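S.K.: Chain by chain, the residues run as shown.
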Amino acid sequence: MKILVAVKRVVDYNVKVRAKADGTGADTANAKMSINPFCEIAVEEAVRLKEKGVATEIVAISIGAKQSQEQIRTALALGADRGILVETDTDLEPLAVAKCLKAIVDKETPDLVILGKQSIDGDNNQTGQMLGALAGMPQGTFASEVNVAEGKVKVTREIDGGLQTVALNLPAIVTTDLRLNEPRYASLPNIMKAKKKPLETVTPADLGVDTATRVKLLKVAPPAERQAGIKVADVAELVEKLKNEAKVI
Amino acid sequence: MPMRDSIRLPNPYQTDTHQQWRASLRKFVDSHITPFVDDWEEAGTLPPSLWQDAANVGLLQLGYPEALGGISAGTDLHHMIIAAEELAACGAGGVYASLMVHGIALPPIVHYGSEALKQRIVPSVLAGEQHISLAITEPGGGSDVAQLTTQARREGDHYIVNGSKTLITGGLRANWFTTAVRTGEAGVNGLSLLLINANLEGVSRTPLSKKQGWWCSDTATLYFDNVVVPCDHLIGQENSGFLPIVHNFNNERLALTASALEAARVCFEDAWCWANERNTFGKPLIKHQVIGHKFAEMLRQINATQGYLDSCAWQITQGISKPSDVALLKVQATQTLEFCAREALQILGGAGYLRGCRAERIYREVRVNAIGGGSEEIMRDLAWRQLMASNA
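So the sequence lines, in the order shown, correspond to chains A and B. Take 0 as the starting number for the first sequence in numbering that gives the first Met the number 0 and just add one per residue. Take 0 as the starting number for the second sequence in numbering that gives the first Met the number 0 and just add one per residue.
Source of the hints: derived by calculation from the structure; they are not laboratory data. Everything numeric in this text was worked out from a predicted model, so none of it was measured. Quick reminder that beta carbons are idealized off the backbone N, C-alpha and C, glycines included. A portion of the hints provided could be inaccurate.
Restraint ranges, calculated between C-beta atoms of paired labels, are given here [unchecked claim]:
#1 B/47 x A/146: 27 to 37 Å
#2 A/214 x B/286: 40 to 50 Å
#3 B/353 x A/228: 28 to 38 Å
#4 A/15 x B/140: 36 to 46 Å
So that you can see chain B by itself, here it is in the shape it has in the complex:
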């Protein structure tokens, strides 16, 4: 059995369809992704056919309404967690980040968009025919969503959009951008979400290709120069964009946690295999106590994170989750990942310093996990504020 399965705690919430889904996805990842990941990373992109393949196995549609081409009957959050875990097992986090980027860009349309927008966008994205990215972060700032400055000025039946967005995952490939814009006063009450067609005049984009990690996931800076967007592309109500933006954070953080946790297991697995193979001072590495205790400590942190993840997932399915718990879960997961990536590379030594090893790549992906989707500092801040507010 693969080491990452041996060290997975039994999960009381997962049933037979979960196990089948994991088995199917593993075959899909083993045949369609893992053998090509090194090439995709060097090429800085994913092949367009991957979206079609992912739609065939049901990955893109998971959790979306059946009426819009999704697959939701019988599925729950644990199917999503398994998807994040199995994709992370290829050892390149950029695959999930790019392939599943609609997971952050599409829900605002599904939950707040007009019927016409839903019908136009959602089925084709879920079928892998069109791509959509979420555009929030700006060159002037990211975490402080309330202060963003991209302007959408109303003129008759249109908005005139001016501004710039950066660090946009999937931004080069996207046909559509779910874009946070300022339509009113300063602060959270002047924000709206606007769907912008990437082909409109005045939209331009440049690649951000020199990155520490996630090489196969394209990242872009977007420029909007007097872009004319029809008013019916507004998602939800004008100046009520903040809620749709934060609505999805819980699920995004849960998926990021599952990805980071599985990446930590991959580090454990790679290091474990090496420690059993490599001989030093007359015995295998694993027989040296100083190395063995590294595995024990990695496992302690991995187990703690899984237990916490399972609890938060259960809370969400029961509708009783606290955003502070999910925010701190993400911190727990990325700190676990950071520790395991470090220890795995210490064990792998020179072998882990060279490219071509999963743990080496994951080591370079630690920061994007710990910063993207809400940095550790922002997560703790959110938890602290909520603790004060609910116990005042």
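Next comes chain A alone, as it looks inside the complex:
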């Protein structure tokens, strides 16, 4: 069984991102970049399925600038077998990403596609679902448990009311939630071996994907700074302030 995993290059979760002064976006120049944490969970799940003997090949895909190779190499060091970079300097929207992935799904015909439920930069939470629609594949999103048996994948989903378990016919799409697993760290020999694993590069144009943006970014601004609190001397003053300053009573 072949598994496709998508990995996105994002600003490291430890980095405090600031809005650019002119409001045109977030200032990510020279920021430390990493593999999106949810994507890392996706890679880990695929590697575990391979270790269980369920999967035979794992293909890691990233879509983005040339430097996204680093994130593919990380996935290869964690246990993926080969990589595909869809190279583009345009910041793609979820629909374009899903279209690129769809083209690769058509070519690779995987039995399972595992993606993070969202990336921590855009927080869109759309790509997996859009890919499901485009590829006509069933989807199990927000997975906290994944079991593959007898041509089906059973996905335990984290939903508002608790947990929901769905059984999907393969091929299927799974998006990962935080509690699905705890990703391993790559050992030094695997980091070195990853350098020799095959990494193919294509472009959205090769895949016949139109990457035109459909959403217009108007402005990026930091949230308003919180005002410092004040101390009140007694209940009377508190009531007075709630009435006249906060105007809540």
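Please arrange chain B on chain A, whose structure you already have, making use of the hints.
M.R.: Only chain B this time, still in chain A's reference frame:
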């Protein structure tokens, strides 16, 4: 981003595998070491399972020949520097000292040992199954290696070893000792390196447990009382032991420098967090100029040490390093550590005086860094002599 990363200068020699190695090691240290360090320090030892875990991530094998179970293809000195830095970040230098002690005991076997010795010892040490320590310092002296007195007298196919070694890191746990012994005349030309099995009759050891720092790293005094060691356990040629002993000093000093430098960054980080949290005289500590300038001065020294370290590492990878440069680098690193530990504790105040804070422990580890692996005085002496010799 952790403060210690924010203040790390960009390193032109480090590439993607270096970054990945740092990320992996950080996860390893965060999950397998840092949460337990306080307990290990109080217990005065490390759990045996740590060696297995370290072998799984590739830490023990780094830089050793692949044929002997090591990992060397694609690796260089910077992978080693990163290993020393990330292990130091747990805030207990004893972890690196003990876990990686084979880094000083094994290279003589790898470079000068017979094929049989290599096959017998190296793979099992790199797999974390056996332990090996370096035994040079004696109760009568340490720095003056040429004068050591432990005797190995040749009798047929054996050496009869008598003498004592002290301050031996990992000495209680070790299965083997790479031991400096006197086989010939007084001075450097009568020294040999002998591999001694810790289980041989006549070998005994006592713990040196009341130490200022490095509590989790076991330290021992060893006694050899008519110990019969087979001649084929000689490492290299008889009476040529001095070269294998000093051969490894450059790498050891580089690793010590990287450890000390990262410990200085940890001090900076702990103090920085505290200075942002703590309010005095109506504002956070960090807003007081007298405190702020302490950080500027710490950073100046940390940056200078990193630049010097990167330069020496590059020199070594190019095969053009001068031992005097590496010796003075170690002085630079431990003086930086001493300064940063002091200033961090001044900033932390009472919080840093109590146990349970990384900077407090590092403060107690300053001396072992400044003395072990070549004291600052010996390092300057070496540099001075080399300067005179090469410019005579």
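S.K.: So, for every hint listed, does it hold in this structure?
M.R.: Here's how the hints hold up against the structure:
{"no.": "1", "hint": "B/47 x A/146: 27 to 37 Å", "result": "36 Å, holds"}
{"no.": "2", "hint": "A/214 x B/286: 40 to 50 Å", "result": "42 Å, holds"}
{"no.": "3", "hint": "B/353 x A/228: 28 to 38 Å", "result": "30 Å, holds"}
{"no.": "4", "hint": "A/15 x B/140: 36 to 46 Å", "result": "53 Å, violated"}
The structure does not agree with numbered hint 4 stated previously, though it agrees with all others.
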